[in-house]
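Novice: Go ahead and model the full structure; you've got the sequences and the hints to work with.
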Amino acid sequence: MLGLFSFFSFFLLLGAVGVVFSRHTVHAVLSLIFAFFNAAALLIMIGAEFVGFMLIVVYVGAVAVLFLFVVMMLDVDRDALRSAVAPHKKWVIFFAAVFVIEILALVAYSPPHLGGAGAMGALVPAQGDNVRALGMVLYTTYAPLFYAAGMILLLAMIGAIVLTLRQRSGVRRQNIAQQNARRAEDTVTLVNPPSGEGVI
Amino acid sequence: MLSFLPLSPALSPVILATSLLFFVVYGAFRSRASYGSVAFLALFALLIVMDAAGLQFALNFGTDRLPSLVFDGLSSAATVVLCGMMLAFFVLTLGLAWPLEAALLVLFALLGMLLMVSADSLMMFYMGLEMQSLALYVFIALQGRQQPAAIEAALKYFILGALASGLMLLGMSFLYGQWGVLGYGPLQALLVQHAAVSPALLWTTLGAGLILVGFLFKLSLVPFHMWTPDVYQAAPTPVVAFLSSLPKVAATVALVRLLAGPFYPLMPDLGDMLRIIGALSMLWGALAGLQQTSLRRLMAYSTIAQMGFVVMALSVATPEGMGSALVYVVVYAVTSLGLFALLMRVSDNDLSFNDVAGLVKASPVTAYLLAVFLLSLAGMPFFAGFFTKLSVFQSVLAGQHYAVVFAAALSSVVAMYYYLRVIKVMIFDDPATDQGVVMANHGASLPLGVAAALFVSVFFIIPGPEMTAFAQKMMADLLPQATASAPVMTLPFEKE
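Quick note, the sequences are listed as chains A and B, same order. Residue numbering for the first sequence follows the working numbering, beginning at 1 and increasing consecutively. Residue numbering for the second sequence follows the working numbering, beginning at 201 and increasing consecutively.
Simulated from the structure, these hints should not be mistaken for laboratory data. Being a predicted model, the structure only gives us computed values, none of them experimental. Built from N, CA and C at the ideal position, the CB exists for glycine as well. Every clue listed holds true.
If you want the footprint, here are the derived chain B segments under chain A, 3+ residues with CB under 8 Å:
id, segment
1, 266-272
2, 299-306
3, 333-341
Specialist: Structure follows, in structure tokens:
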């Protein structure tokens with residue numbers, strides 16, 4: 001079990017590093033998908049199959065593919081991007097190193113698990129399957145959170161629309177009521193052209 | 201606080217969310233709906249929300265709960281204050297030609313803030329914070345149609361904000377991984393129980409520290425302050441008025457809830473961190489402000505310095521310290537709202553010192569009211585800023601943290617220079633151009649400015665002492681009992 005955990009978490013980290021260091025944006029998105037798969041495998045390992053598969057369906061199936069579309073359509077000037085970051089590279093690496101060393105030091109000094117139910121205990125349902133366990137709490141204990149998440153999604157939708165929608169004048173718009181109100185006798189003219197002359 | 205409808209305080213976010221959904225439908229299907237009409241309708245919704253939250257005080261309900269939300273004195277008081285400021289903001293902007301969605305976005309931000317101040321679990325707090333932040337990013341970017349610089353400001357705010365949210369989530373995951381709970385109550389119980397085991401608390405302190413990073417960003421404290429001057433400079437004046445008031449109050453109340461609750465056992469470590477950050481912010485806010493030639497950037501550095509005082513007061517974790525921090529941030533928000541409301545009369549864009557030179561000739565009322573706000577921010581006696589600073593100093597001195605108080609005093613002295621310089625330019629200098637300062641006409645900005653100036657001027661008689669006593673009593677109830685029994689200090693302006 002530990003071997004499998006190490007395997008997936010190693011590749012998860014590898015994928016994450018790939019996202020940051022890829023020179024090509026498409027490679028970065030593919031690394032992201034790779035990282036998502038490994039994260040899903042970790043979730044399945046601790047018994048949260050439903051969440052794991054949802055991660056694949058939603059993130060890999062929808063979000064990452066959308067990313068791929070967007071990234072492929074964008075014309076990113078990679079050299080300009082690199083030269084903008086290059087002068088600060090020393091500091092970026094310095095602060096990242098400090099952060100990693102801090103966390104490694106903590107890992108070295110602390111017991112792995114202590115007190116409380118622990119994250120594992122809370123995640124794995126006591127009985128029944130994943131979906132049932134999720135359904136039991138999602139609309140009861142976590143109902144306010146569920147509504148709040150819904151409001152955030154509505155907000156995101158309104159925000160995306162209001163930022164991108166531009167009212168242009170002179171656009172031929174479809175008016176469905178007008179279309180439905182059209183009648184054949186108003187618009188269709190039947191002609192019977194004599195042969196050899198055509199319609200004038 | 202009077203209450204006319206028998207509504208439970210727990211309904212306050214529910215009422216706001218319901219009316220928000222109604223406004224979405226109203227805006228979508230009514231072709232004549234405009235920013236003004238939605239803002240006008242929202243005034244009534246806000247009054248009902250205030251009424252529901254005010255019932256807490258009228259009936260002395262105690263504590264009302266929903267899963268992962270708590271409605272006690274602190275959240276009700278914060279709800280009433282936030283909705284009151286929102287009312288003022290809507291009255292101020294009622295006549296503006298903003299798109300309709302702007303009204304929805306600020307209401308979403310308010311809903312996020314209400315969830316933040318009454319959150320009882322890390323998850324709910326994060327939801328509230330995200331709702332508020334997302335709404336504000338879009339709200340700023342929306343102004344990009346008139347001012348392209350606003351898009352840059354929004355993008356900067358968004359990227360730095362997303363980074364801060366990410367660090368905060370990492371911190372929450374550390375806490376959850378260690379203890380397996382998200383609720384404030386259970387987390388606090390576990391931390392108190394295991395307070396003696398120090399290596400385990402290292403992880404917890406790291407998690408708590410990362411969560412604080414998110415707050416420090418929201419409160420624009422050094423070294424997470426970079427976005428503040430840019431956003432203040434690029435966004436239109438009413439947007440800055442909003443940004444510099446409501447989110448600060450909400451973030452401070454949410455921070456108080458965390459520090460007085462689950463993080464209380466970690467306070468020895470976190471307090472040091474907050475004191476260092478506070479000292480840096482106060483000093484940098486004062487020193488960097490000296491170089492500014494833009495009035496808005498100057499106010500941004502002033503915000504940074506003022507928020508330094510707030511975290512300094514929070515760091516002592518006594519009822520006096522936390523109570524005075526709450527009063528401080530509310531007074532700061534009212535001052536800032538009034539100040540930017542008056543600046544709307546001068547210009548909608550950024551102003552340099554030259555633009556306000558000789559303002560007193562164009563509009564004496566505006567110039568003198570602005571002087572009142574600036575003097576209060578500087579901490580001049582008999583304005584609100586002096587008394588709030590005094591009670592902050594007293595509570596920190598009671599904790600015997602002399603170094604940080606020295607930094608605060610130094611910051612006040614240095615910052616005094618730039619506040620007085622603005623007053624000098626406005627009142628004693630000659631106008632830069634022949635026609636002088638051209639005033640714009642905004643219906644509600646003058647009455648609101650007068651009301652805020654009145655609040656700032658008579659604060660030491662009413663409602664200052666009551667507010668301070670109320671906030672400190674509330675914090676004494678909220679903090680763990682050991683400190684509640686500590687002798688309560690009398691403030692010089694408290695009634696005998």
